[in-house]
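*Asks:* If you want the building blocks of each chain, they are given just below.
Number of protein chains: 2
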Amino acid sequence: MAALKATIEMESPRRFLAHGYTGATVPIHFPREGEARTGPGPMELMLLGVGGCTAIDIVDILEKERETVEAFRIEMESERAPEPPTVFTRIHMKYVLRGDLKEANVKRAIDLSMEKYCGASIMLKRGGVDVTTSYVIEKPASGP
Amino acid sequence: MAALKATIEMESPRRFLAHGYTGATVPIHFPREGEARTGPGPMELMLLGVGGCTAIDIVDILEKERETVEAFRIEMESERAPEPPTVFTRIHMKYVLRGDLKEANVKRAIDLSMEKYCGASIMLKRGGVDVTTSYVIEKPASGP
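Here the protein sequences line up with chains H and L, keeping their order.
Each residue of the first sequence is one higher than the one before, counting from 0 in numbering that gives the first Met the number 0.
Each residue of the second sequence is one higher than the one before, counting from 0 in numbering that gives the first Met the number 0.
Bound conformation, chain H alone (with noise of 0.2 Å):
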């Protein structure tokens, strides 16, 4: 695979213009106390692509299975540790879907994103980080 290549360019002392390999910019911000944020901390943006690694997972295997997914989202918790480096020492993950779906089918995904395919929660589940998940299908409301 070509390498892929980012840049992060300082704005100012505390922010940052980030540009990814797929064109991509996205502001980091670390304001000083007082100050008014405008953009994601920097370990933030990791937890959203860990977030964000599982959701495309979930959608798209489940999708391949013929199953309808009318809503989905991830309510996710996380912990720093206290002392630098303010590493994520746990992460918990929520799957919410609406849909009239299968439940081994749902269980099924989540397993394989968790296991095979998303490489953002499996290099943090190797870096040590207690990364979990839970799941709730709210069947759909009935039609008129």
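Please note that a few of the clues may not be correct.
[Unchecked claim] With a straight-line cut-off of 30 Å between C-alpha atoms, the simulated DSS-like cross-links for lysine-lysine are:
| no. | chain 1 | residue 1 | chain 2 | residue 2 |
| --- | --- | --- | --- | --- |
| 1 | L | K4 | H | K101 |
| 2 | H | K63 | H | K106 |
| 3 | L | K138 | L | K93 |
| 4 | L | K93 | H | K93 |
[To be verified] If you anchor each label on the Cβ, the simulated ranges turn out as follows:
| no. | chain 1 | residue 1 | chain 2 | residue 2 | range |
| --- | --- | --- | --- | --- | --- |
| 5 | H | T24 | L | G22 | 15 to 21 Å |
| 6 | L | R89 | H | P81 | 56 to 62 Å |
| 7 | H | E62 | L | R125 | 30 to 36 Å |
Simulated from the structure, these hints should not be mistaken for lab results.
Ideal Cβ positions, reconstructed from N, Cα and C, are used throughout, including at glycine.
Given chain H, put chain L in place with the hints provided.
*Replies:* Just chain L now, kept in the frame of chain H:
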């Protein structure tokens, strides 16, 4: 430390809106082939988180040493595993600083970030990613 909450919400099967624990929102997109991209991918966010984290460290440490950083960027190069999970296998970060900076301070700032402060890269290193660094100091243009 209180739990840090975030949510990932599906907008369409390949596009999600991520709400981080600081209140920041980031779109995440994994377009189908041929579809226009409207946001970074999740692994890209992880990479930008690593770069942002160490960028903030370096500029902060140098400021505390009363160094004036006139310009700063990180040129990142990374590779991912060819097969799932497509984790990062290596990340190289070339720090490019401009200013009348003491090289020993720059080197020390990078070492401190990599070994002690940058939780993002330390998590990935613990997870087996080969993270390496280099730096270039550009002297400021002379006055008129």
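*Asks:* It remains to establish, for every hint, whether it holds in the given structure.
*Replies:* Evaluation of the provided hints:
no., hint, result
1, L:K4 x H:K101, "holds (28 Å)"
2, H:K63 x H:K106, "holds (15 Å)"
3, L:K138 x L:K93, "holds (16 Å)"
4, L:K93 x H:K93, "violated (37 Å)"
5, H:T24 x L:G22: 15 to 21 Å, "holds (20 Å)"
6, L:R89 x H:P81: 56 to 62 Å, "violated (30 Å)"
7, H:E62 x L:R125: 30 to 36 Å, "holds (34 Å)"
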